[in-house]
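Please work from the sequences and hints to get the whole structure.
Residue numbers (my numbering), protein chains in the order written: chain A, 76 to 576; chain B, 136 to 1056.
I should point out that these hints are in silico values taken from the structure, not numbers from a laboratory. One should not assume that every hint holds.
From the derived model, a few chain B residues whose C-beta atoms are all more than 12 Å from chain A [to be verified]:
1) 225
2) 335
3) 616
4) 638
5) 673
6) 690
7) 722
8) 775
9) 920
10) 953
Have a look at the derived ranges for each label pair, beta carbon to beta carbon [what the hints assert, rightly or not]:
11) B:658 to A:399: 52 to 62 Å
12) A:565 to B:337: 50 to 60 Å
13) A:192 to B:585: 12 to 22 Å
14) A:548 to B:614: 32 to 42 Å
15) B:629 to A:182: 34 to 44 Å
16) B:629 to A:396: 40 to 50 Å
17) B:747 to A:565: 29 to 39 Å
18) A:491 to B:635: 35 to 45 Å
19) B:747 to A:192: 30 to 40 Å
20) B:179 to A:332: 47 to 57 Å
21) A:491 to B:585: 30 to 40 Å
22) B:257 to A:548: 35 to 45 Å
23) B:621 to A:182: 29 to 39 Å
Away from chain A, derived, C-beta distances all over 10 Å, residues of chain B [said to hold, decoys possible]:
24) 180
25) 274
26) 357
27) 362
28) 554
29) 591
30) 615
31) 706
32) 729
33) 944
These numbers were taken from a predicted model, which means no experiment stands behind them. Built from N, CA and C at the ideal position, the CB exists for glycine as well.
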Amino acid sequence: MTQKELHHQRLVKEASGAYLQAHTRRHFIKESAMGLGALALGSLFGCGSNKSATNPVVFDAAHPLSPKAPMFPGRAKSVIYLHMAGAPSQLELFDYKPELAKLDGQDCPQSLLEGKRFAFIRGVPKMLGPQSNFKQRGESGLWISDHLPHLASIADEITLLKAVTTDQFNHAPAQLLMHTGSPRLGRPSMGSWVTYGLGTENQNLPGFVVLTSGGKNPDAGKSVWGSGFLPSVYQGVQCRSEGDPVLFINDPAGMDRDLRKASIDAINDINQQQYEDYKDPEILSRIAQYEMAYKMQISVPEVMNINDEPQYIHDMYGTKPGSGSFANNVLLARKLVEKGVRFVQLFDWGWDSHGTSADDAVDIGLVNKCRKIDKPVTALLMDLKQRGMLEDTLVVWGGEFGRTPMQENRGGKKMPFKGRDHHTEAFTMWMAGGGIKKGFSYGETDEIGYAAISGKATPFDIQATILNQLGFNHEEFTYQYQGRPFRLTDVAGNVMTDIIA
Amino acid sequence: MNLLFQKKSLLIIATLILSVGVFIYSTHSQTIDYNTQVKPIFNKNCITCHGGVRRKAGFSLLFRSEALAKTESGKPAIIPGDPEHSEMIRRLTLKDPEERMPYKHDPLSSNDIDILRKWIKQGAQWGNHWAYIAVQPIPVPAERKFLGFIGASKEDWAKNDIDYFILQKLQEKKLTHSPQADKATLLRRVSLDIIGMPASDQLAQQFYGDKTDKAYENAVDSLLASLHYGERWASMWMDLARYADTKGYERDDARTIWRYRDWLIKSFNANQPYDKFLTEQLAGDLLPNPTDEQLIATAFHRNTMTNDEGGTDNEEFRTSAVLDRVNTTWEALLGTTFACVQCHSHPYDPFSHDEYYKFAAFFNNTRDEDTYADYPLLRSFTDSANEEKNKLDEWLQQHATPGQTKKINQFLKTWQPAINSLYCDEFTNAELNDTKWAAFRNNGLVRLPNTNLNSATELIYRYRAFLPGGVLKIHTDSATGPVITSIPLTVTKNDWQIASIPVIATAGVHNFYLSYINPNLKKPDASGCTFDWFYFTDPFPGEHQPGYEEAKKRYWGLLTMQTPVTPVMQENPDGMRRISHVFERGNWLVKGDVVTPGTPHALNPMPANAPQNRLGLSMWLTSKQNPLTARTMVNRLWEQLFGNGLVESVEDFGTQGIPPTHKELLDYLSYKFMYDYNWDIKKLLKEIVMSATYQQDSKASKDQLDKDQFNKYYARGARVRLSAEQIRDQALNITGLMSNKMYGGSVMPYQPDGIWRSPYDGRTWDLSKGENRYRRAVYTYWKRTAPYPAMMTFDGVAREVCTARRIRTNTPLQALVGLNDEACLDMARKFALRLERAIPKNPQQQITVTYERATGHAIEAPALASLTKLYNVALQKFNAGKNDACKMADDGSIKDDTVATAALVVIINTVLNLDEVVTKN
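Following this line, the structure appears as structure tokens:
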């Protein structure tokens, strides 16, 4: 068989497997629903039913994760959000500024400094020209630098957002703003909102999965995938490539699957007796949760295992089973989405190019970081495409803010390496798939890349657009808390209709 | 709680209000009630466009003055007494959809319009929302009233006044109460509620042996007297206080604040009256001669987060902490969502934008300012240090004025009020290193802006100097101005040291310039020294008196001694006081009008003798005229016992909160709490658990489920899943591993590897040793960005901000924790080993004991059969796979009892997962 035939055969096999699993799942849900008796009533109130237009989102404590229809038919079924924690430099990757190159080494004009607050820049810094070579790519002619050669080869698949802005110049608050709509702690993350709104397609897997790489968690910690004031069932579940793939998923040493089954059977038998006595519907829910836990114990390690992926996939992504790399996480993201997970969020730590050491220099460390993500990210888009999944999977890439056109001079000193400080007024993100235009560049910055001048996009606009692609009107998608309806986009946000295909 | 239900209950309540309203209107009186009849119509249909945030066409319905004022059209929308000429009524009744209100929505019903018409006719009187009116005495529903309806036997059911309120509602809802729960269920319930874990064996024996009518009451009294009581209620309070062992945000470094937890436990155990309990937490430092304990109480509001991320603006996060204190005070203590008012006037409740900042002004003058060290810190002295301190006090009594003594003591105990180096600006050849400390390079220059040294003649400073030869000079008014002191800096290497130097007295406000020269600094980029704080003061008093040197030495010994510390509140002294502003649209960078401390007009006035500071604030808060304080606490205690508050939205009593199910009962108890019980929490708890309502069986009948699925009307006992803390404590208790050790720093029980991965934080989770591994959940180390995962799975909260209510969920991840968490397995193993040794080779007996310890009642045949079957499956497996048996029992090699022990581990693990074990029946 040729490679192509092999590939085809594998796709067919996976498809039939998926069907079987979906069927079994439906069967299980149906059975439980019947068994749940009084509880089934809950699903009559809109959850899971396919009502047209502006379905209100309702929290059903008995079935918090049942699949639900969005407010209107969305273009994307799931989201893979790739967050480069630390904030990659747009000026070395996407925002080509020949004028800035000319100013390299000159003092920054006062007009750019007056009334501004920076994290580390003090006094008068020097301008720093782009530390990479740019070319126009593909038919679309998008500007992408040599730091990302693979991505450059598929420029025609993505939409660049070149005028993203934020108002937070410290990592943790900026990450929170991007993911929860507020720079302070306590709000639900985007993935939690989406899981609250859509439930999960695959009851044997969490609806919202988080994967981290780069050796550290993002600066804002687990709050960036926390559920805030939403019920905790909607918080992101961190899957890990070392240790248990999900916390507590593995049976204790010495317990095999049959024995675990026997013990869950005993629990559920006794719980059933308890139900006969007390008639509390929560007991039935608990019985169902133990069944699901048992199934998750099989399905999660299965989906988290990349050993069985064919070699060509490993070659494509650059994955090595067993490591906690970004590449592995990207491949896992594809597998998870394939299995019906709604929201997969990746955080890769180490993009904070201040220039305090070689590792965080824009011409050294940044290049290394790019190498580690370029191939897998490109593979992800291609792989999704070849499986016909890119159409309904929205892929988002970006950081929490951008970097200054000035070279950082921490504490007013010259830095040992070339680096840039945190910058709020313009940075680049990109989106692909999920009904977003292909090979499109949106938004512009001024000639040195300091400020957005057109096509400005705030974190709220990004959030509104992501929700829109999933079938939610961000202004009506609310949760009642502290006496008022809260939404992800707070009181702001516009859907960026210009980038929708 | 379920939103579906909320909607349903709102509907029921709305219908009820409406029908009651119609009833009142049609039979008793013509008067329309603003609160129950008019306000709901406004809130539902009008206020989103004509309220606090948006005032379309210049019309707002928030306050009466606004509603009667002229709108953009030049005429008022409401003319009291004249509905026919009131624009509002005209617009509500128009046919043209472009003009008819509510715009683009369905028209109001004729019934609603009728109500509004009559209300305007009657003068358009405004009314206060019930929760903003001081609590009034409430009569208990008359007993005889029930005789006719329910009969004498039902009346016998009532055990105290609470039950008459409940009965009244049950009767309305055509529900029947349930019989009393059996003794075992009752004891387990009341123990979990009062001490957070099952009763001790001794108490259980006493209770079962006590055949008198007082048996239950005696048990309740014992539980209330137990030291575990304080731990259980501290645990609840810690969600409100957002207690954590780390500072939050990016670095999320450790913070030592556990003495506050100890204070809470002791305070609950001592049954400190609630008003005093609140006063000490809000303003303990402002009480006359505060004790260390009273200062530690103020750590309540030092649990705000501190941002140590490099490059952050400390003023931004100081401000953020101040606003958090405002929001927490309102949410936790006043059951009101105040955070909305941060950006604009409250859209539904009578709180205006500037009132938020007036309230914030109470908190805006504390000394803390997002410093890395979390200053001010209370330095706790050992006994021997306290002896030294007593001797020092004697000296001060003789040689210092009371004012001097006070200052010296405050500085000695807190190293404040100093000028923290982050107050410096205009750095040249210097920087605020990592935005934490002023660091000087050679020829470094830094400014201390607008500072009044009050003619101080001594400077005490905390610093590090890395190499010799450095001199720091302080100049007045300019970099070359007169030098008031010149400090040759002794090398400290990397250690921080405190030293002092005389300064020339300067009066009035000046800019001071700190210059640093060190010819030994060769590299232009290298720092020679860093400064933490500067304290300008007077020389130690009593110079030239006999014994001066000894006293001064004693003072310096205490001042520089390493001590444990706790962040506390301290008010800024004159000269360091901040001016408070309104923040336009909540943006701290856009400062509006200047404000002074004040409380909202809609609530009780400040008591006449109350000072304009946090102490005055706490007097206002604990005044019996404050409509919210007692209601909020009563409701909270009710929620803790029944799973839901009488007001379900415990965090919001406002007009958008969920209306109370039993308003009269809430008010009755609140009144009693203040006036009869003098804020005695234990008395209030006892009253509730002594009610027949509380003691009911929790089995649900079909009728009860049909009419009241969520048990809003208490026709049966509460049935609620245990909290994360209760689950752990109960398991420790069942398996006999619970350590009885109280107080002290947080501990680290089993946690999977790889949970802590904060950037810039090399700290690790170091599994506690010995009994510290088996402490109550309340002592578990709490890291904000990576909280203890097992407890988070059971709806624990990260405690980054105040959380008034945990929402209970039921998920497969909880099952996984219960089944697979090493902490649970460890308990099962240790218990199995004990059981196997105590009653060897007797599975029936072992299963029975396990089950009975776990549930508190006798095992029934079907459960015994299920567990026996499982035991046999396990035994067979482990006999076939001895290796697995060793792993399960955690035995290095196979022994006589390994297989049986392993099977027993499986049984215990199973039993701990049963619904009836994780649920309070």
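Just pull the numbers of the violated hints for me, sorted ascending. 7, 9, 10, 11, 14, 33
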